[in-house]
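Participant: Please take these sequences and the hints and turn them into a complete structure.
Spelled out from the first residue to the last, the chains are:
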Amino acid sequence: MLRQVLQNQVTDGLAVEAIDLVKEFGDTRAVDGVSLAVPTGSIYGLLGPNGAGKTTTLRILLGIIDPSSGTRRVLGRERPLDAASEIGYLPEERGLYPSMHARDAIAFMGALRGLPMAEGRRRADELLQHHGLGDWARKPIRTLSKGMAQIVQLLGSIIHRPRLIVLDEPFAGLDAINQGLLEELIRREARNGATIIFSTHVIAHAERLCERVAIIASGKVAFDGSVAEARGRLRPIVRLRTRASDGPWRSAIPASARREGDEFVFELPEGGPEPLLKALIDGGAGIETLAIERPGLHDAFVAIAGNKAAAAMGQEKHQ
Amino acid sequence: MMRFLRGAFVIARRDFSATVLSKTFIFFLLAPLFPLLFGSVFGTIGARVASRTERPVVAVVSSPADFDRLSTARNDLTDALGDMAVVKLVHYAPEPNAAGQVDRLLASNELPVRAVLTGGLDRPHLTGAVAQDEVTTGQLRLLIANARLSPGVSKPSLAVTSIQASSGSLMKDRAITAQIGQTLLFILTILLSGMLLSQLIEEKSNKIIEIIAAAVPIDAMFVGKLFAMLAASVTGLIVWISAGAFLVQMMKHGGVATLPSPAVGWPAFIALTIIYFGMNYLLLGAAFLTIGAQASTAREVQTLSMPVTFGQMLILLFASSAVGAPNSAGGIAAAVFPLSSPLAMLARAAEEADIWPHLVAIAWQALWVALILRGGAYLFRKTVLKSGPRLPWWRFGRA
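As they're listed, the protein sequences go chains B and U. Per my numbering, residue 321 is the first one in the first sequence, and the count goes up by one each step. Per my numbering, residue -18 is the first one in the second sequence, and the count goes up by one each step.
No lab work stands behind these hints: they were computed from the structure. Please note that the accuracy of each hint is not assured.
No more than 27 angstroms apart at the CA atoms, straight line, and that leaves these computed lysine-lysine pairs for DSSO-like [to be verified]:
{"id": "1", "chain 1": "U", "residue 1": "Lys69", "chain 2": "U", "residue 2": "Lys4"}
{"id": "2", "chain 1": "U", "residue 1": "Lys363", "chain 2": "U", "residue 2": "Lys188"}
{"id": "3", "chain 1": "B", "residue 1": "Lys459", "chain 2": "U", "residue 2": "Lys4"}
{"id": "4", "chain 1": "B", "residue 1": "Lys540", "chain 2": "U", "residue 2": "Lys367"}
{"id": "5", "chain 1": "B", "residue 1": "Lys466", "chain 2": "U", "residue 2": "Lys69"}
Facilitator: This is how it looks when you write it as structure tokens:
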């Protein structure tokens, strides 16, 4: 009882906490001092190109492997396996027993986490029905399409109603419809109080879903915070088109402004939009159009992780 | 602990169901019938061929009276040596052309006549390919000598007092029981535990290992897999014994009733056989699971199979040093060495009446099952999952 109280105190506010995690494989340092703090009930994204160390970090957090150094605390436990019954996990490399029926595969994954097999089968039937796979419940996994098998595995990772759901590249291999279903499922689980951590190299998914993100590059956390904070690291971009080509108003435009066609593009000055607008109007610019764009997560990622990592993400996205 | 046992049970139930409910398990169940079937077929053919070609037949060309006396003498000899060990005699009445009759009999295709005996009991003469066959000629000399005795001469009487067993016969007979028990245990284990080499290939190739490793301790997975295959093997054994193939084969040759009673008695011996089969399976199985877990492909498992089989043979050879001398240095070493301990202790059960060494041995073996599994899980985490900090070799085992 006392232990539970202490655990609750420790976990109050944080579902996962990692401090200075390091993982070496031979001479390669795959994870290099990663520290994370995942608030309870949040949707948390791990962003980074392949090989950045996302999967290794998740495997350490789940207790599949131990770190070379550093500590982690998952749902209040220092040994993640002690909290296994409260965790759901979808690995990057999907795996199911091909001869198992879909409902049995889901129930088996629940049973591994402590859910009785009979209850697991009952819930599996419901979930499969709900996701349009009711007719496939009693068919072997080998007869399912790749996308269907992926949904089955995803359902297996939430069948026991975990408090923490860890999804490693969950959108990979899914078509647009199933990606939409998965996004909805993630939001629903979060609404029900679960904490979701997912890794992705597709920025759009993180931007749509995540409240907080960690940007990982070369095994290090380059940024950990909310999406707004990430975007807030960059100044908004101003796009300005004027009727006048020159005049006193030009002094209101920063020297770093560049021309894109007949537009001036520059970062919003420190003073904000009002002084800028006043200077443009008073200087007789003849504003034709003026747009202030908030930078996207992609822009923030480029700024934080660098062009090289962003290029790698872009390549993977198009593969 | 409950989490560990629950995890092991879930893995065991999955593996057991996947094995026993698969179509290939039918072939597994039928497997012992193939050697028995081939053995029976080729045994029958071989016996027939042997009876036609190997057993020496001597054609006796004599008067009926002489042949009757030879036959009586032969019956006395077969009482002592057995029918198959004594030369077979076939009677032919003399023909006018004696030389021609001998040639014809030797060339006969109807019977494998090795030689022809002519001249009756008074002037016996043997013609045939017997230059190297001293057994046939020696037996014929003995038969003729006995046949020449007058019919009235009675056999010498021998008073016999029969007891259950003498020390000389008991030691020898119990050694036979020990040897048979050990061999049976070895064959069953070698047949059944080899499957464990490839037990983790499916999980590794299907990537399910990630899901399992994230949910249950690796040790629990090893224990679950080991006991699942033990249960599948026991299922097979029950089916085989129920089907009667094994019992029929045993009874054909006199059955277990012909085996000398083991020192601990039959009930305890049978119970110990079952326990030691379980322990032998668990010990070797744990070792095989550990070795097989390091393999990534079925090809690697196949490559590992041969050295593993040779390893088992060496263990049997080592354990056989306990047969006939359970208290010798070799016998005790075989009982102490974990992998040969079940085999050596079963031999001991046949030869020594004390029960307490078995209780100690079973506890010792159980400890080693746990240690091997623990070591196997550690190695799996280290080498396959690449988990934990890098340690220098002298700190191996402290992670």
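Participant: Each hint: holds or not?
Facilitator: Quick rundown of the hints versus the structure:
1. U/Lys69 with U/Lys4: Violated, because 52 angstroms separates the two Cα atoms, which is more than 27 angstroms.
2. U/Lys363 with U/Lys188: holds, 17 angstroms
3. B/Lys459 with U/Lys4: This hinted pair holds, its Cα atoms lying about 17 angstroms apart.
4. B/Lys540 with U/Lys367: Holds, at roughly 20 angstroms.
5. B/Lys466 with U/Lys69: Status violated; Cα separation ~76 angstroms.
When each numbered hint is compared with the structure, violations occur for hints 1, 5.
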